[in-house]
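Q: Residue strings, one per chain:
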Amino acid sequence: MKRFKRLPFLLIVAFVAIGLIVLSVSLSNTVIKKGQAERAQKNILQEIIEATNNENPAINDSLKDKVVVINVWATWCKPCLQEIPELNELVKEYKSDEIVFIALNRENEEEEREKMEEKGIEFDYELYFNQDELIDLLYSYKLKNESNAIPLNIVLNKSGQPDFYYMGNQPDKLKEVKIHLSKLRTTTFRIL
Amino acid sequence: MNIKRIISIELLKLPVMSNYIILGILLLLDFAFSFLFFYQFSSSASESDSFMDVGRQILNTQASFGGMLICIFIILNVGGEYKNGTLSKNLIDGFSREDFYVGKFFVMLFCVLFALIVGVVSLTIGSLALGKWNDFLHLMDVTFVINFFIQLFYNGIFALFLIFLFKKVAISLVLYFVWGVFENILTGIQYVYFKTQEIDSTFRLDEYLPRSSIEVVLNSTEYIHPSSIVITGLYILLFLLIPYFSFLKSDIKS
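As they're listed, the protein sequences go chains A and B.
Read in order, the letters of the first sequence are residues 1 to 192 in the working numbering.
Read in order, the letters of the second sequence are residues 193 to 446 in the working numbering.
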């Protein structure tokens, strides 16, 4: 009797399954890459200023030609609180006339400040509360594969385009942001 | 024996009470998830974005529960053949070991297709009832259907792997659940320890673990590196071929 006569069938099945994974991953990779490239071209700063009629205290005309580092957070969000010490280091190292750090929160200011005191949270970004409209606008730039997760970190370059746009506490991404900001600082020094 | 005959023999063995119960639970769960999901969105004026997020979570939940039930189905089905001695009878009656293994593979495929169809149909009915058809179409793209199928299939071949290697229903079921918990603990340790120590924070342990690797590949919102696909592909080959070769050579007594 011929042995392993069903082996080719099983191998074909396995390779079809692997092929389907490759197809699925390449389709989603293409969507991610295309979406990210399209988003990177958008002047988010300008679009937000127009959408809010330049009336929002957090994001307005005064930020034009500046690098804007935005963080969306809340005191009830554990990953947000976990990344705050690292974010504070960013402020300490890179804050300048050229680089602005803004933190947006949907909740009521008094309640959030109370909780900050209770939990001993010190956040060195410029804090803005009750920012539902602005936060919704920022989340409208998320891609189909991205969820409405919090925290949201965005770095807008001087042209208002996002160099970084990511959700969740991601230490690897934060490292990249640091490198990016340090490069910007070096470039500024060189120009000076 | 030709494949058509193997399939017809396996189909004759399917109408058993335990199989009806498992497939019934699968059907009920899928419709319950779908109903809860659409009920939530019909009772609140939520935005499309939230619809997509929650929808994706519901679909993932359906895939994981479906995968778990498929696993139980396969383990009980094959384990029953060992326990009741019907495996020996089949072999005496002219079934080759290869035919038996391939037959069980088709049973697994049948379950996967059943779970896939029920999942998609339950969500289709829900979205039509709510009038969220366009959002649903946006959510249910080709990638999602493939991912849903692969996730179920992966669980199915993992079940085949366990039951053909260990032969006992209880051991296989315990291993299935303990394995999942064990991988979660390992991933947790890696996250807590390695991330805080900053020892190569780009390294992801779950990418290399048998049950988690498929989730990394299919559910990631980031760009997937080809190495992740290679690892998952290797696991698929192992899950299909190790039990095949082991079953051809091993003792059939449980």
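Just so you know, not all the hints are guaranteed correct.
[As the list claims (entries may be wrong)] With a straight-line cut-off of 35 Å between C-alpha atoms, the simulated DSBU-like cross-links for lysine-lysine are:
| # | chain 1 | residue 1 | chain 2 | residue 2 |
| --- | --- | --- | --- | --- |
| 1 | A | Lys115 | A | Lys34 |
| 2 | A | Lys66 | A | Lys92 |
| 3 | A | Lys34 | A | Lys158 |
| 4 | B | Lys360 | A | Lys5 |
| 5 | A | Lys175 | A | Lys95 |
| 6 | A | Lys5 | B | Lys196 |
| 7 | B | Lys441 | A | Lys5 |
| 8 | B | Lys360 | B | Lys281 |
| 9 | A | Lys34 | A | Lys64 |
| 10 | A | Lys64 | A | Lys5 |
| 11 | A | Lys175 | A | Lys92 |
| 12 | A | Lys42 | A | Lys5 |
| 13 | B | Lys205 | A | Lys34 |
| 14 | B | Lys275 | A | Lys5 |
| 15 | A | Lys175 | A | Lys33 |
| 16 | A | Lys183 | A | Lys64 |
| 17 | B | Lys196 | A | Lys33 |
| 18 | A | Lys95 | A | Lys183 |
Note that these hints are calculated values from the structure, not bench results.
Q: Quick check: which numbered hints come out false for this structure?
A: 1, 10, 12, 13, 17
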